[in-house]
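Asker: Sequence:
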Amino acid sequence: MEKNKFYTNGYFNDTISSAILFIFSFLFVLYVSLSATAFISFTNQLTIPLEIDRIDFDRATSSNDSVWDSAENVFLIFSFSPLVIFILALLAVIAIGKIQNQTIKVFLFWVVFHSIIRLFGDFMFGQIFHLWGSNLVTDFMGLTYSNLYIKLIFIALALVSILGFPLLLSPLITPFFDPFSHKVDEGVKINFISPSLIGSIFIFLWFIPSFNINEICILIISVISVFIFSNYIVSKYKFVSITKDNITNDRFNIKLRFVPFIISSIPLIALKIILTNGVVLRSSGYRRDQLDSVFYSSLLGVLLIAFIFFIGFMLISIKNKKNKKNQELIETLENIEKQQMDISLLEGTRWSKIGENIKKAQSFNDYREGE
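Residue numbers (the working numbering): 188 to 558.
If you're looking for bench data, these hints aren't it; they were derived computationally from the structure.
Don't be surprised by glycine CBs; every beta carbon is placed ideally from N, CA and C.
Each hint should be verified, as a subset may be incorrect.
[What the hints assert, rightly or not] Ranges between beta-carbon positions, derived for each pair:
(1) Phe-426 to Lys-509: 36 to 42 Å
(2) Leu-458 to Ile-403: 17 to 23 Å
(3) Phe-426 to Phe-398: 41 to 47 Å
(4) Lys-423 to Gly-465: 18 to 24 Å
(5) Lys-192 to Asp-365: 44 to 50 Å
(6) Phe-500 to Ser-222: 20 to 26 Å
(7) Ser-250 to Ile-281: 38 to 44 Å
(8) Ile-291 to Asn-196: 31 to 37 Å
(9) Ser-250 to Phe-193: 19 to 25 Å
(10) Asp-256 to Phe-426: 55 to 61 Å
(11) Val-467 to Phe-426: 56 to 62 Å
Using the sequences and the hints, build the whole thing.
Answerer: Next comes the structure, spelled out in structure tokens:
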């Protein structure tokens, strides 16, 4: 049967497609987070070893011996990545409503999902295992360092956020399958549960030979969150499944093509090779004013690129809306023409003159068009 095929007509089936996009989005969010932390650390005079799954701050050095003595530096370095991830998730949510491509929509869904897990997971597991991360922000603010009960409250709030906030993504599942026409329990199994299990196993293998307790816990809590999200979707649309006849799901809704998959895999493979060997970002050769220039120049560059993308996106949206209106107008005119009554039916009635006038008008229009 068609639904049992893994690949057909240039497309992977939904389970494989969703698993691939689950993996890509997880690694994308992870390396955006690591890049943000590495960038802000580098511009604050830290020489840092960057590995495949972490920044090793235990081996980080600085020309400024008092860099960790300042709560301001700690707050700046470890709050920058959560801010970037939050903005990334926000932009992805906005883009899902604007983009038409199903594959990109699914990728953006997983980006939002992993951003939520990353945002609260890094903090929670950082507090539990005393890691270098966003948990140090509240520690240096004096909120969670000396008071165990306050720390437990923050951990509980982070856990509730990890398991609860993804439920808000339920209206965004339509790129995967239509819950109003397809079987919901089948849809969540082939689009969420199976892909998350397959993807988590691959990501675990991706980190070998490194072992990072934070990333292992992030993977485990991601799978748990997917299961809770899936059960929520089933319960939310259970009444629809009972009261309505379901359309057979052919399991080729996402439509991930083989060529884009290969093209996207190439930079990831290169990144795997480079980061497995390790990269050291050295700031010792730069003065403070030079690092400040790098920071502000990079910030302006990102803002400029974002502005250009925004203008291009707006122009494309306007063009698509115009084309959609024109298409709707053409379809409306065609429907009117199909529903037009045959003029010959008016012959012999008191409205026959109307039919004659219509024929004359049509002949006149044909004559004008011929000129």
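Asker: Next step is simple, just say for each hint if it's right about the structure.
Answerer: Hints and how they fare:
1. Phe-426 to Lys-509: 36 to 42 Å: Once the Cβ atoms are compared, 39 Å apart, the range 36 to 42 Å for Lys-509 and Phe-426 holds.
2. Leu-458 to Ile-403: 17 to 23 Å: The hinted range 17 to 23 Å holds for Leu-458 and Ile-403, with Cβ atoms some 20 Å apart.
3. Phe-426 to Phe-398: 41 to 47 Å: For Phe-398 against Phe-426, whose Cβ atoms are near 45 Å apart, the range 41 to 47 Å holds.
4. Lys-423 to Gly-465: 18 to 24 Å: Distance hint for Lys-423, Gly-465 is violated at roughly 46 Å.
5. Lys-192 to Asp-365: 44 to 50 Å: violated (20 Å)
6. Phe-500 to Ser-222: 20 to 26 Å: holds (23 Å)
7. Ser-250 to Ile-281: 38 to 44 Å: Given about 41 Å between the Cβ atoms, the range holds.
8. Ile-291 to Asn-196: 31 to 37 Å: Since the Cβ atoms of Ile-291 and Asn-196 sit about 19 Å apart, the hinted range of 31 to 37 Å is violated.
9. Ser-250 to Phe-193: 19 to 25 Å: Distance hint for Ser-250, Phe-193 is violated at roughly 54 Å.
10. Asp-256 to Phe-426: 55 to 61 Å: This hint holds: roughly 59 Å between Cβ atoms.
11. Val-467 to Phe-426: 56 to 62 Å: holds (57 Å)
In this structure, the earlier hints numbered 4, 5, 8, 9 are contradicted, and the remaining ones agree with it.
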